[in-house]
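Going by the UniProt record's numbering, 229 is the number at position 229 of the sequence shown; the sequence numbering is gapless.
Hints should not be assumed to be uniformly reliable.
[Said to hold, decoys possible] Here are the simulated lysine-lysine pairs, DSSO-like style, with alpha carbons at most 27 Å apart:
(1) Lys251 to Lys45
(2) Lys149 to Lys187
(3) Lys24 to Lys263
(4) Lys165 to Lys193
(5) Lys165 to Lys251
(6) Lys7 to Lys189
(7) Lys7 to Lys27
(8) Lys45 to Lys263
(9) Lys149 to Lys165
(10) Lys7 to Lys121
(11) Lys193 to Lys149
(12) Lys45 to Lys7
(13) Lys157 to Lys187
(14) Lys136 to Lys190
(15) Lys121 to Lys27
(16) Lys121 to Lys45
(17) Lys263 to Lys7
[What the hints assert, rightly or not] With beta-carbon atoms standing in for the labels, derived distance ranges:
(18) Asp188 to Asn239: 34 to 40 Å
(19) Cys117 to Leu150: 27 to 33 Å
(20) Val115 to Ala238: 21 to 27 Å
To be clear, the hints were calculated from the coordinates, so they are not data collected in a lab. Just so it is clear, CB atoms sit at the ideal spot from N, CA and C, and this is done for glycine as well.
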Amino acid sequence: MENTWVKETCLINDMAIYCEHAIKRNKPPLLLLHGFMSSTYTFHKIFPVLQEYFSVVTVDLPGFGRSEKSTSFIYSYHHYGMLVNDILTYFNLQNVIVVGHSMGGQIALNLAKIVPCNINKLILIGCSGYLKRSRKRLIYCSYIPFFDKLMALYINKHGVASGLKNVFYDQSFITNSHIEEFGRPLKDKKMYKSLVRLIRHREGDLIGRDLNKIDLPVLLIWGREDRVVPVNVGYRLANDLPNCDLKVYEKAGHLITEERPDKVCEAILSYAI
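With these hints in hand, go ahead and build the complete structure from the sequences.
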């Protein structure tokens, strides 16, 4: 198979956006969106398989990974959705299958709300759901000088390995390579300034009446032992989204793309092709 997996930084909306893509115009377009404090690395096990069947694009969202940590971007789900639509335009992708993990799923839902005509299907993996906006006290605190440094101290105090224990069901997946890769973003001081802006700007997840209006086909994929976004959130989303299927896999946590990549790929292929 020809190696078409390209890794590059693109200027989109005057922001440097890190992208990985395998564009094949004769195959259906598929976009992968990662979650909170993550990156394209979320999909490193499934990208090689998916690129055989789709024209695949994945990006580091602003504020995360190798993308720009803009101090002017509005870090709301709506603005993330608008930016993702601009990314689709940049790569000339139409009638797109959008796969979102965790917070990326919520961004995908916002994208579907903004431009449903350009979306074919949604596939949401451990999707964030029903979280309200940050408390006013925390938003006020975000304006304290050096609040980003306090956030860095708090996050780094708990360590990467401790965080990974929460996202994996099978603790044997916590390897040195994972600790290094997931710990890489924590070394970037600019990321914490983006997190501060996310606290201020994030408007909260879509509520039931908004979800009821999204009539696109939606597949939810969940790990039964997800401790970050419990499976009951999946059941609730399945009830609120009018055209939705839910697949739940045993002995898998929030990072099901790492623990059960074969099952995730199988579910995506059977639903999207």
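Violating hint indices (sorted, rising): Violated hint (a single one): 19; every other hint is consistent with the structure.
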